[in-house]
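Number of protein chains: 2
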Amino acid sequence: MKDFQNNIVVLRLSHRPSRDKRVSTHLFLAARALGAYEAFYTGTKDPSLEESIKKINEEWGGTFKITYFSNWKNAVKNWEGKIVHLTMYGIPFQDIIEEVRTSIEPIMIIVGGAKVPGEIYRISDWNISVTNQPHSEISALALFLNEFYQGKYLKHEFQNAKINIRPSKNGKQIQKIKQVFKH
Amino acid sequence: MKDFQNNIVVLRLSHRPSRDKRVSTHLFLAARALGAYEAFYTGTKDPSLEESIKKINEEWGGTFKITYFSNWKNAVKNWEGKIVHLTMYGIPFQDIIEEVRTSIEPIMIIVGGAKVPGEIYRISDWNISVTNQPHSEISALALFLNEFYQGKYLKHEFQNAKINIRPSKNGKQIQKIKQVFKH
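So the sequences go chain by chain: A and B.
Start counting the first sequence at 935; every next residue gets the next number (our numbering).
Start counting the second sequence at 935; every next residue gets the next number (our numbering).
Don't read these hints as lab results, they were simulated from the structure.
Mixed in with the good hints there might be a few duds.
Only part of the chain A face toward chain B is listed, based on derived beta-carbon distances under 10 Å [as the list claims (entries may be wrong)]: (1) HIS960; (2) LEU968; (3) TYR971; (4) ILE990; (5) GLU993; (6) GLY995; (7) ILE1025; (8) SER1037; (9) PRO1040; (10) TRP1060; (11) PRO1068; (12) GLY1085; (13) HIS1090; (14) ASN1098.
Pairs of lysine-lysine residues, derived as BS3-like cross-links and limited to a Cα-Cα distance of at most 30 Å, are as follows [what the hints assert, rightly or not]: (15) B:LYS1007 x B:LYS989; (16) A:LYS1103 x A:LYS1007; (17) A:LYS955 x B:LYS1049; (18) B:LYS1049 x A:LYS1049; (19) B:LYS1103 x B:LYS979; (20) B:LYS979 x A:LYS1007.
Not everything, but these chain B residues come out facing chain A in the computed CB check (under 10 Å) [as the list claims (entries may be wrong)]: (21) TYR971; (22) ILE1017; (23) THR1021; (24) GLY1024; (25) SER1058; (26) GLN1067; (27) LEU1077; (28) HIS1090; (29) GLN1093; (30) ASN1094; (31) LYS1096.
All values derive from a computational prediction rather than experimental measurement.
Glycine included, C-beta positions come from ideal geometry on N, C-alpha and C.
With these hints in hand, go ahead and build the complete structure from the sequences.
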């Protein structure tokens, strides 16, 4: 069975710190929670965005990381695998997800920013829509990943977490996880 | 069969125009695209947020609307139906969605803002998590709605749309829809 954890990278195009900070943060957190291994972004480098994702990992575990590229071509040129471009103009994901899922290569998922260059449509192996309505790259990515992994990450336990949540019917239960060191 | 279109209302708490404009816009668009009938919000009234949702409806169709309440208690007090609160501390949605789906009453889905009052946990019929990891109210709502409707809205056609998209493998195909007036 293939190692799902190494299978998915998300590339977020054209991040603008002033406008997109919260949307990009939500996007990367959704990517992490739902099974992406790492993420790349282009646009303007944003140290506070990188720091906020790093802090989440330190507390909640896992090895998800984000890396900045000055240009999407640099992020793509050494990529050995397939490319999915999420766009409202693409083929409905429910019609194509099985084909994507059974690909044996790792997958880069490109999600757009302000203006998506026409080349992105041409270099992608699949242009895929999550509904053909306008909504959000966050919801589109989440639905795509959850369907790709067939719900596998909904109860995923991240390694090296300092805290986690005990699900509760009517309150908040956060558990601190004791680190056990062996001598 | 029950009328799904009248079944779901989303309540977004504590909107702050300066910080949350794009996140709230994405949230409401995801709500619309994935089958919510309407949305309420509290926090600070934001005419430009309301205008952007109205414009989407004018172009893309449907009757989704958003309404401001100065206080969440005003939004809830006349609600006749069940209440779901989406929170990372709640019961995993995949364990409870069948129970929610088979409720014969309409459902209000509350999604948090900066600080969620403890009362929200107590007045809700279900406190539900979409993973127990931090990610986004947008991804959480999208996954919940899509699962609730079992994918029904992924190909929904909105009434009275002026434009729609013809899904395409490698480009953009937008169709203008001719309005036919009968005399």
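We went through each hint and held it up to the structure:
Annotation: HIS960 of chain A was flagged as interfacial toward chain B, and the flag holds, the nearest CB pair being 3 Å apart, inside 10 Å. Checking LEU968 of chain A against chain B by beta carbon gives a least distance of about 7 Å; that is within 10 Å, so the hint holds. With 10 Å as the threshold, the beta carbon of TYR971 of chain A stays out of range of chain B, its nearest partner Cβ sitting at about 15 Å, so the hint is violated. For ILE990 of chain A, the interface hint holds, since its Cβ comes within 10 Å of a Cβ in chain B; the closest pair sits about 6 Å apart.
Contact between GLU993 of chain A and chain B, as hinted, is supported at the beta carbon level, the nearest pair being about 9 Å apart and thus within 10 Å. With 10 Å as the threshold, the beta carbon of GLY995 of chain A comes within range of chain B, its nearest partner Cβ sitting at about 9 Å, so the hint holds. Satisfaction of the interface hint for ILE1025 of chain A is found here, the shortest Cβ-Cβ separation to chain B being roughly 5 Å, below the 10 Å cut-off. With 10 Å as the threshold, the beta carbon of SER1037 of chain A stays out of range of chain B, its nearest partner Cβ sitting at about 16 Å, so the hint is violated.
Hint on PRO1040 of chain A is violated. Least Cβ distance to chain B is approximately 22 Å, over the 10 Å limit. A hinted interface residue such as TRP1060 of chain A counts as satisfied when its beta carbon comes closer than 10 Å to some beta carbon of chain B; here the least separation is about 8 Å, so the hint holds. The beta carbon of PRO1068 of chain A is positioned within 10 Å of a beta carbon in chain B (closest approach about 6 Å), and the interface hint is therefore held. Given the 10 Å rule on beta carbons, the hint for GLY1085 of chain A holds: about 6 Å separates it from the nearest Cβ of chain B.
Given the 10 Å rule on beta carbons, the hint for HIS1090 of chain A holds: about 8 Å separates it from the nearest Cβ of chain B. Of the supplied interface hints, the one on ASN1098 of chain A holds, with its beta-carbon coming within about 7 Å of a beta-carbon of chain B, less than 10 Å. In summary, the hint linking LYS1007 of chain B to LYS989 of chain B is supported, as the alpha carbons are separated by about 29 Å, within the 30 Å threshold. The suggested pairing of LYS1103 of chain A with LYS1007 of chain A is violated, with an alpha-carbon distance near 47 Å, which exceeds 30 Å.
At roughly 19 Å between alpha-carbon atoms, LYS955 of chain A and LYS1049 of chain B fall within 30 Å of each other, so this suggested pair holds. Taking the CA atoms of LYS1049 of chain B and LYS1049 of chain A, the gap is about 34 Å. The hint is violated against a cut of 30 Å. For the hint linking LYS1103 of chain B to LYS979 of chain B, the alpha-carbon distance of about 41 Å lies beyond 30 Å, and the restraint is violated. A hinted pair counts as satisfied when its Cα atoms are at most 30 Å apart, and LYS979 of chain B with LYS1007 of chain A does not qualify at roughly 41 Å.
With a least beta-carbon distance of about 15 Å to chain A, the hint placing TYR971 of chain B at the interface is violated under the 10 Å criterion. At a threshold of 10 Å, the smallest CB-CB gap from ILE1017 of chain B to chain A is about 12 Å, leaving the interface hint violated. The closest approach between the C-beta of THR1021 of chain B and any C-beta of chain A is roughly 8 Å, which is under the 10 Å cut-off, so the hint is satisfied. The beta carbon of GLY1024 of chain B is positioned within 10 Å of a beta carbon in chain A (closest approach about 6 Å), and the interface hint is therefore held.
Given the 10 Å rule on beta carbons, the hint for SER1058 of chain B holds: about 8 Å separates it from the nearest Cβ of chain A. Taken as an interface hint, GLN1067 of chain B checks out: its beta carbon lies about 4 Å from the nearest beta carbon of chain A, inside 10 Å. Below 10 Å, beta-carbon pairs count as interface contacts, and LEU1077 of chain B has one with chain A at about 6 Å; its hint therefore holds. The interface hint given for HIS1090 of chain B holds, since its Cβ lies 7 Å from the closest Cβ of chain A, which is under the 10 Å cut-off.
Below 10 Å, beta-carbon pairs count as interface contacts, and GLN1093 of chain B has none with chain A, the closest being about 13 Å; its hint is therefore violated. The restraint placing ASN1094 of chain B at the interface with chain A is violated, with a minimum CB-CB distance near 14 Å, outside the 10 Å limit. Given the 10 Å rule on beta carbons, the hint for LYS1096 of chain B is violated: about 13 Å separates it from the nearest Cβ of chain A.
Hints 3, 8, 9, 16, 18, 19, 20, 21, 22, 29, 30, 31, counting from the list given before, are not met by this structure.
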